[in-house]
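Visitor: Residue numbers (our numbering), protein chains in the order written: chain A, 1 to 138; chain B, 1 to 564; chain C, 1 to 202.
A few of these clues could be false.
Derived SDA-like pairs: lysine to any residue, alpha-carbon spacing no greater than 25 Å straight-line [claimed, not checked]:
1) B/Lys197 / B/Gly532
2) B/Lys509 / B/Cys486
3) A/Lys52 / C/Lys90
4) C/Lys90 / A/Gly74
5) A/Lys52 / C/Leu99
Since the hints were derived computationally from the structure, they do not count as laboratory data.
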Amino acid sequence: METAILKPGIQARLEDAHGPGNFTPAHNSPDHDNIVFADPATDYHGHPQYGKVLIALLALLSLSLLAGYIFSPGIAIALIFATATWKVAMVMRNFMHLKYEPLFVFIAVAAVMLIIFAFFFGVYPDITAVTHDVTYPH
Amino acid sequence: MENIHHKQSFWSKYIFSTDHKTIGTQYMIMGMIMAGVGGYLAYVFRYNLAFPGKSIPFYGMLGPQAYNAFVTIHGMIMVFWVGMPVLLSAFGNYLIPLMIGSDDMAFPTVNMLSFWIFAVSALVLLASFFVPGGAFGGGWTMYPPFSAQGYVNLNPNFFQALFSGTSLLILAVALELVAMLMGGINFLVTTINKRAKGMTAWRIPIIIWFINIAAVIFMFSVGPLVAGAFMLLFDNILGTGFYDPHRGGDPMLWEHLFWFFGHPEVYVLLLPSLGVLAEILPVFSRKPLFAYKTIIYLALASAFLSVLVWAHHQFVAGIDPRMATFFSIGTILISIPFAGIFLAFMATLWGGSIRMKVPMLWAIGFIGLFLVGGLTGLFLGSNTFDIYAHDTYFVVAHFHYTLFPDIFFGFFAAFYYWFPKFSGKELNASLGKLHFWLTFIFFNGVFFLLFFNGLAGQHRRINDYSSFSLISKEPYQTFEQIATVCAIGLMLTQFIFLYNFISSLRKTKKAVKNPWEATTLEWVADSPPPHGNFNPYPEVYRGAYDYSLPDVEDDFTPQNIPKV
Amino acid sequence: METKQHHLTIPVIKIPQGRLAMWVLIAGELVIFGGLICFYLLNRIRYPHWGEMAAHTNTFIGALNTVVLLLSSYTIVRAHQAAIKLNAAKARLWMTCTLLGGVMFLVDKSIEYAHEISEGFTFTSPKLVAAGDHVGSLFWSYYYIMTGLHGAHVLAGMTAIFIVMMQIRKGNNLHRVELVGMYWHMVDLIWIFLFPLLYIAK
Numbered sequence: 001m002e003t004a005i006l007k008p009g010i011q012a013r014l015e016d017a018h019g020p021g022n023f024t025p026a027h028n029s030p031d032h033d034n035i036v037f038a039d040p041a042t043d044y045h046g047h048p049q050y051g052k053v054l055i056a057l058l059a060l061l062s063l064s065l066l067a068g069y070i071f072s073p074g075i076a077i078a079l080i081f082a083t084a085t086w087k088v089a090m091v092m093r094n095f096m097h098l099k100y101e102p103l104f105v106f107i108a109v110a111a112v113m114l115i116i117f118a119f120f121f122g123v124y125p126d127i128t129a130v131t132h133d134v135t136y137p138h
Numbered sequence: 001m002e003n004i005h006h007k008q009s010f011w012s013k014y015i016f017s018t019d020h021k022t023i024g025t026q027y028m029i030m031g032m033i034m035a036g037v038g039g040y041l042a043y044v045f046r047y048n049l050a051f052p053g054k055s056i057p058f059y060g061m062l063g064p065q066a067y068n069a070f071v072t073i074h075g076m077i078m079v080f081w082v083g084m085p086v087l088l089s090a091f092g093n094y095l096i097p098l099m100i101g102s103d104d105m106a107f108p109t110v111n112m113l114s115f116w117i118f119a120v121s122a123l124v125l126l127a128s129f130f131v132p133g134g135a136f137g138g139g140w141t142m143y144p145p146f147s148a149q150g151y152v153n154l155n156p157n158f159f160q161a162l163f164s165g166t167s168l169l170i171l172a173v174a175l176e177l178v179a180m181l182m183g184g185i186n187f188l189v190t191t192i193n194k195r196a197k198g199m200t201a202w203r204i205p206i207i208i209w210f211i212n213i214a215a216v217i218f219m220f221s222v223g224p225l226v227a228g229a230f231m232l233l234f235d236n237i238l239g240t241g242f243y244d245p246h247r248g249g250d251p252m253l254w255e256h257l258f259w260f261f262g263h264p265e266v267y268v269l270l271l272p273s274l275g276v277l278a279e280i281l282p283v284f285s286r287k288p289l290f291a292y293k294t295i296i297y298l299a300l301a302s303a304f305l306s307v308l309v310w311a312h313h314q315f316v317a318g319i320d321p322r323m324a325t326f327f328s329i330g331t332i333l334i335s336i337p338f339a340g341i342f343l344a345f346m347a348t349l350w351g352g353s354i355r356m357k358v359p360m361l362w363a364i365g366f367i368g369l370f371l372v373g374g375l376t377g378l379f380l381g382s383n384t385f386d387i388y389a390h391d392t393y394f395v396v397a398h399f400h401y402t403l404f405p406d407i408f409f410g411f412f413a414a415f416y417y418w419f420p421k422f423s424g425k426e427l428n429a430s431l432g433k434l435h436f437w438l439t440f441i442f443f444n445g446v447f448f449l450l451f452f453n454g455l456a457g458q459h460r461r462i463n464d465y466s467s468f469s470l471i472s473k474e475p476y477q478t479f480e481q482i483a484t485v486c487a488i489g490l491m492l493t494q495f496i497f498l499y500n501f502i503s504s505l506r507k508t509k510k511a512v513k514n515p516w517e518a519t520t521l522e523w524v525a526d527s528p529p530p531h532g533n534f535n536p537y538p539e540v541y542r543g544a545y546d547y548s549l550p551d552v553e554d555d556f557t558p559q560n561i562p563k564v
Numbered sequence: 001m002e003t004k005q006h007h008l009t010i011p012v013i014k015i016p017q018g019r020l021a022m023w024v025l026i027a028g029e030l031v032i033f034g035g036l037i038c039f040y041l042l043n044r045i046r047y048p049h050w051g052e053m054a055a056h057t058n059t060f061i062g063a064l065n066t067v068v069l070l071l072s073s074y075t076i077v078r079a080h081q082a083a084i085k086l087n088a089a090k091a092r093l094w095m096t097c098t099l100l101g102g103v104m105f106l107v108d109k110s111i112e113y114a115h116e117i118s119e120g121f122t123f124t125s126p127k128l129v130a131a132g133d134h135v136g137s138l139f140w141s142y143y144y145i146m147t148g149l150h151g152a153h154v155l156a157g158m159t160a161i162f163i164v165m166m167q168i169r170k171g172n173n174l175h176r177v178e179l180v181g182m183y184w185h186m187v188d189l190i191w192i193f194l195f196p197l198l199y200i201a202k
């Protein structure tokens, strides 16, 4: 269970009222402003090397910019979107600390992706795979 | 500063309250007022359908444009301004903290804001009647190109286009969706984080599970519609071409993104009412809920499927026929989890010692009527039958047989059930039974005959059938008149409810804390619950449906009673 | 008499309230933008002509904006690190850097919009329509609505960061640095996807 760092004296007061234990005051309780921060030792199990992640992100960006000049259009498109996806994954995992969050959160984000795919493939035949020209001068 | 101790002004206590019970009540009252408006609109156009060309009492002559507008706004109001606030917001806000043993929602201020954004959205919607051109009349589905004409028709004038019926309707819907999104986040975080000690996931009452699943479905399916609504708004006020085929846009895109949300939306509306049933049936059969975990898994399965079947609303719109097959199969499959849930409900009733109180009447009435709606939905789910039945009164009767029990019977069941807790008084049971039977009879009178009109080929959204020779003769015109008379009866019956509601509030006799002898945590609180709900806060030792335990003398064991 | 409920609850998912709410909000926003990107993709594949229209976007400014946003994501996560160590002053310093990044993004965007508008590529592109290029005008409608909605979120994120900067002056509410940082990362994420779609894919 996550524990909070409380201002001096607050822990003692809560323990007087409720007995020994670790307390995280509820959001709308009067003690909520006395939370200083979640205890990093129990909150995250370490943190990633943010600087290295940034360099990797910038490298991927450069790769995607060069891809258009080096490769053929088809491969370039595939590479560009692959690097974009990889960058998104890196930002989510490292900067948003998704790799330290419970599985539930990852499932929520994955569900978003699945839903967008479902929409795309459901609509594709009607919007994209249209063969006739629908525009004509006003 | 503790809320209990500092004095609150009238404004912060009743108007801008952050207490979940007050906010739930505000949503309920707003929903009831909008139901009155929506019902009045239905009265007007139903009268016109039964007696074409006659002046309508309490309205006057109904022109074709007004007919279209009334039909459109009636549908809009009932889904977004009655169904959503009452079933999702009112029930969720009022019940979630009480049933999980908490003091309030996780984010009370966001909660208060969400209600007031909702209230503004209702005002914007009603304002659309009074702008030049009147309210939008193109169906609650707002299909382009008709709904994207603002810029063209009103010869490019940004403000005229912005304050037109169409644009105001889109804005009202957008605001309402924002309010519901804020509420949904609140519900999820509260249920996950603020449960009483000992309330594990499998001890949470079904209604709380279902409201949260509904919130999740809502949040995940509304995205494309929010984006698409902005695009439609810009088509109207700025003349972009997102849905204009001349400009490379596509009206089918709107249909897809609307129904991508629209179909899960009906399950968002359905799940809270099914939750109400799941609470009421065990209490009034004195039996545990049958297959609690299975019901939850079935609801999750239906939530998953619900985002995969949307185009069954578009079978005749010109979609790819191969996709139509896929959606047809999905639609028929999705009836399975709901059938499973209903079977579990019936198994709950089976062999129970039934107490036929008023909430139970509404619950059983719901099941019977929804069965008709659900079965006719299977017909419509088959793309071949739908080619014939689409846009006829068969569809209208189908969705009223699902939505009316869902929204109204579900609401009344919940209201009669929780009223003693909500107010500390008891409703008059005889008036309640009269209200139920009249509503039940009149409702069937309105919609059952319309199935036959639909099968005869009567199309919907047409104000004058005099040129349709088959429809305007007997027996279909008589069916229309019976439907209208029953509709008027249905609306007048609701005054019995209002009288019961208001006169019961003014009684002096107080209700006992747990008049229905139920096991869930809200009955532990005082009636009505004070600010902070519980003193002391309960701890949970068992599941929510411990009725008639073999080794216990009482026929119910509340959740906060430890195991002996 | 203490009658308020305390968190003697067991948060089963083991995630603090604010972070959970933020993830749910982010999921909801991602569906909105995901939907919009979906609509764009569906049309992009349908109209190869859009490739010619996309050639008029300024790849250099787009890439510069991507770098700016990535750097600003880095600075806000450093602010979060400082907040964990209860160093409010340092957190505010890093957050100021993030705000500067946001300002630079918006300035670049404005320069870019000004250039494109001067060439006649506007939200409704009446010049293109008059010239008979209806499909091309639709590209620009999508371009402006996607980047415009994204820009509105950049502005909202900057406002939130500024508000939290004011709130942590006395060392209170330091957990909010992370929450507002998550929103900013989401804004960055969306741009990472928008950039190739609108600028590179020609």
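Visitor: Hint by hint, say whether it matches the structure.
Guide: Against the structure, the hints come out as follows:
1. B/Lys197 / B/Gly532: holds (16 Å)
2. B/Lys509 / B/Cys486: This hinted pair is violated, its Cα atoms lying about 36 Å apart.
3. A/Lys52 / C/Lys90: holds (21 Å)
4. C/Lys90 / A/Gly74: Roughly 46 Å separates the two Cα atoms, so the pair is violated.
5. A/Lys52 / C/Leu99: Roughly 22 Å between the alpha carbons, so the hint for A/Lys52 and C/Leu99 holds.
When held up to the earlier numbered hints, the structure conflicts with 2, 4 and fits the remainder.
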